[in-house]
Amino acid sequence: AQSVAQPEDQVNVAEGNPLTVKCTYSVSGNPYLFWYVQYPNRGLQFLLKYITGDNLVKGSYGFEAEFNKSQTSFHLKKPSALVSDSALYFCAVESGNTGKLIFGQGTTLQVKP
Amino acid sequence: ETGVTQSPTHLIKTRGQQVTLRCSSQSGHNTVSWYQQALGQGPQFIFQYYREEENGRGNFPPRFSGLQFPNYSSELNVNALELDDSALYLCASSLPDRLVVPNTEAFFGQGTRLTVV
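Chains as they are written, first to last, in our numbering: chain A, 1 to 113; chain B, 1001 to 1117.
Here chain A stands alone, though its shape is the one from the complex (with noise of 0.2 Å):
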């Protein structure tokens, strides 16, 4: 069955810092990885994608992540945190190719002044 971990609920970094969210996961075949976030009381806007190709990938607003396939991770990186990065951010793999995404539990990011 494939499914995606994240083992961190909280990940509190101080402005300025850089930052990694982690996600591991586990699929049969080829992964196709996704970081979406999720701001209060609102949908879920996607960052980046992994398909294929250079294993680091990057996306929307500075974030990037690399995919290491020894591991099965996909983290999520930014060099420089900023306030306005905290938010819900969820790791998602993609079954197949059939649009249906499976979600991690998700990992709340606190930027700190």
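Source of the hints: derived by calculation from the structure; they are not laboratory data.
From a predicted model like this one, the values you see are computed outputs, not experimental measurements.
For every residue, glycine included, the Cβ atom is placed at its ideal position computed from N, Cα and C.
Fair warning: there could be bad hints in the mix.
[As the list claims (entries may be wrong)] Derived, one-sided and incomplete: chain B residues facing chain A with beta-carbon distance under 10 Å:
1) Val1004
2) Gln1006
3) Pro1008
4) Thr1009
5) Tyr1035
6) Gln1037
7) Gly1040
8) Gly1042
9) Pro1043
10) Gly1056
11) Leu1088
12) Cys1091
13) Ala1092
14) Ala1106
15) Gly1109
16) Gln1110
[What the hints assert, rightly or not] Calculated Cβ distances over 10 Å to all of chain B for the following chain A residues:
17) Asn12
18) Glu15
19) Thr20
20) Tyr25
21) Glu66
22) Ser73
23) Lys77
24) Ser86
25) Ala87
26) Thr98
27) Lys112
Fit chain B to the supplied structure of chain A, relying on the hints for placement.
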């Protein structure tokens, strides 16, 4: 904003009632998926519609049903509401035709917050 709109934004229903949630997909998107996001959880896939046909279903009972219309807008219907149906319901559309261009990202609406009392 994504161009995917959902209505209503909030809804309160009584246990046992029926509810219909609506979604207008982004122009040109012919694939619509519905997700349920319970408080403190990640979204759970309910089902997907592609060109007006159901195209995959998650682990939800038959009282969750849907429709997609010729303009690709969609409805989610839930019968015999239970307290555990209280959640944020998210609609997502994909661009453009995912059987032609696979693995395109899904664009989500702002959701409908359903409270069952």
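To see whether the hints hold, each was checked on the structure:
1. Val1004: holds (8 Å)
2. Gln1006: Hint on B:Gln1006: holds, closest Cβ of chain A at ~8 Å, below 10 Å.
3. Pro1008: violated (14 Å)
4. Thr1009: Since chain A brings a Cβ to about 9 Å from B:Thr1009, closer than 10 Å, the hint holds.
5. Tyr1035: Holds, about 8 Å.
6. Gln1037: Nearest chain A Cβ about 8 Å off; hint holds.
7. Gly1040: At about 8 Å, which falls below the 10 Å cut-off, the nearest Cβ of chain A leaves the hint on B:Gly1040 intact, so it holds.
8. Gly1042: holds (3 Å)
9. Pro1043: holds (5 Å)
10. Gly1056: Since the shortest Cβ distance to chain A is 5 Å, the answer is holds.
11. Leu1088: holds (8 Å)
12. Cys1091: Check passed: Cβ of B:Cys1091 comes within 8 Å of chain A, closer than 10 Å.
13. Ala1092: It holds, given that the least Cβ distance between B:Ala1092 and chain A is near 8 Å, below 10 Å.
14. Ala1106: Constraint on B:Ala1106 satisfied, holds at 6 Å.
15. Gly1109: Holds. Min distance 5 Å.
16. Gln1110: holds (4 Å)
17. Asn12: Check passes; 18 Å lies beyond 10 Å.
18. Glu15: holds (26 Å)
19. Thr20: holds (19 Å)
20. Tyr25: For A:Tyr25, whose nearest Cβ neighbour in chain B is about 13 Å away, the distance exceeds 10 Å, so it holds.
21. Glu66: holds (18 Å)
22. Ser73: holds (17 Å)
23. Lys77: holds (19 Å)
24. Ser86: holds (17 Å)
25. Ala87: Nearest chain B Cβ is 14 Å from A:Ala87, so the label holds.
26. Thr98: Violated, because the least Cβ-Cβ distance between A:Thr98 and chain B comes to about 5 Å, which does not exceed 10 Å.
27. Lys112: holds (22 Å)
Figure legend: structure checked against the earlier numbered hints; hints not met, in rising order: 3 and 26.
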